[in-house]
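Dock chain B against chain V, hints included.
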Amino acid sequence: MILAALLTLIFTIMAIICFVSMRTVFSKRLLLSIYIAAVFIVLNPSYSTKLANLFGVGRGVDFVLIVLVVALGNAVILYIRHVNAMQRNITKLARHIAKQDALDSTPNA
Amino acid sequence: MIAPTVRTARAIVPHIIVVDDCSSDATSQEARQAGALVCTHPINMGQGAALQTGIEYALLKGAEWIVTFDADGQHDANEILPMLEALIQSNAKIALGSRFLGKSINMPRQRRLLLKMAILFARLTGGGHFSDAHNGFRIMHRSFAEQFEFRQNRMAHASEIQNFIARNHVPYIEFPVTISYTEYSLKKGQKSSNAIRVLIELFTDWVSR
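Keeping their order, the protein sequence lines are chains V and B. With the working numbering, letter number 73 in the first sequence gets 1408, and the count goes up by one each step, no holes. With the working numbering, letter number 161 in the second sequence gets 898, and the count goes up by one each step, no holes.
Only chain V is shown next, with the shape it has when bound in the complex (with noise of 0.2 Å):
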């Protein structure tokens, strides 16, 4: 029990900080209604297990881990694309420096 409230304490002053140091609205309301919805799940963990049965998963854990999974693997592929994206930019930039820099100190070669 005495976890459960220091649990739903640390969520809510996470909660108060990202409110606090977000600037978009949308980035602000997402967080809020996830660490909302962490909360509510803390303190009635039935409500999580009548949700993990509904899609046929035995423990509300069990169906959390699942999500968790999935959400995570798909979010660290699209970071590494993301990534490996702005690298092939960056390297264009650099090289077209590179190539202007050397064209511009040949005079007509």
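Derived from the structure by calculation, the hints contain no laboratory data. A hint or two may mislead.
[Unchecked claim] Straight line, CA to CA, 20 Å or less: simulated EDC-like cross-link-like pairs of lysine to aspartate or glutamate:
| id | chain 1 | residue 1 | chain 2 | residue 2 |
| --- | --- | --- | --- | --- |
| 1 | B | Lys840 | B | Glu920 |
| 2 | V | Lys1434 | B | Glu886 |
| 3 | B | Lys925 | B | Asp807 |
| 4 | V | Lys1427 | B | Glu886 |
| 5 | V | Lys1427 | B | Glu883 |
| 6 | V | Lys1434 | B | Glu793 |
| 7 | V | Lys1427 | V | Asp1439 |
| 8 | B | Lys798 | B | Glu883 |
| 9 | V | Lys1427 | B | Asp942 |
| 10 | B | Lys840 | B | Asp809 |
| 11 | V | Lys1434 | B | Glu767 |
| 12 | V | Lys1427 | B | Glu897 |
| 13 | V | Lys1434 | B | Glu883 |
| 14 | B | Lys925 | B | Asp809 |
| 15 | V | Lys1427 | B | Glu793 |
| 16 | B | Lys798 | V | Asp1439 |
| 17 | V | Lys1434 | B | Glu801 |
| 18 | B | Lys798 | V | Asp1436 |
| 19 | B | Lys925 | B | Glu767 |
Okay, now just chain B, sitting in the frame of chain V:
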């Protein structure tokens, strides 16, 4: 070390391009003084990126044949013209130097083992059947350079070009070359542990397709 390499190469081929991958020493100046055209990267990006910059610059300057050649003295400039001759005779688009068709001098045993494994890995995953891996001595025709781009900035570029040749059935030849390992080149060159990094880069590239 760059100056002697540039000078001996210039005796064979008049147009030398050196790509300075954001070196902290005086490479750019020394290369210029030795008579090379120099492209300097504003940030360090790796050998693959440097090769691509050099190739694009060579194309800009109107080159018909482009030789990629290591700057650390491991390659022998006297093998450039015979390789070019063989390439022209064969009507292929690219010549790949092979130390296992040719010879290597003072190759550390660990390096030989690692290379053999790399060659095997390339045969299993790349679709081609090459006798060497990670040999920077190549000659390509302009038309090959126009279709191919080194997207891998760091050491995985060597696998990239071989896989491209295999998958697109590009006509190629292999040519025996001599690789000389010196204390300088071993110190400057890649450590064997970079092999893991190459694997990871190939994986993340595959994920990004």
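Quiz item: Taking each numbered hint in turn, which are not upheld by the structure, reported in ascending numerical order?
Solution: none
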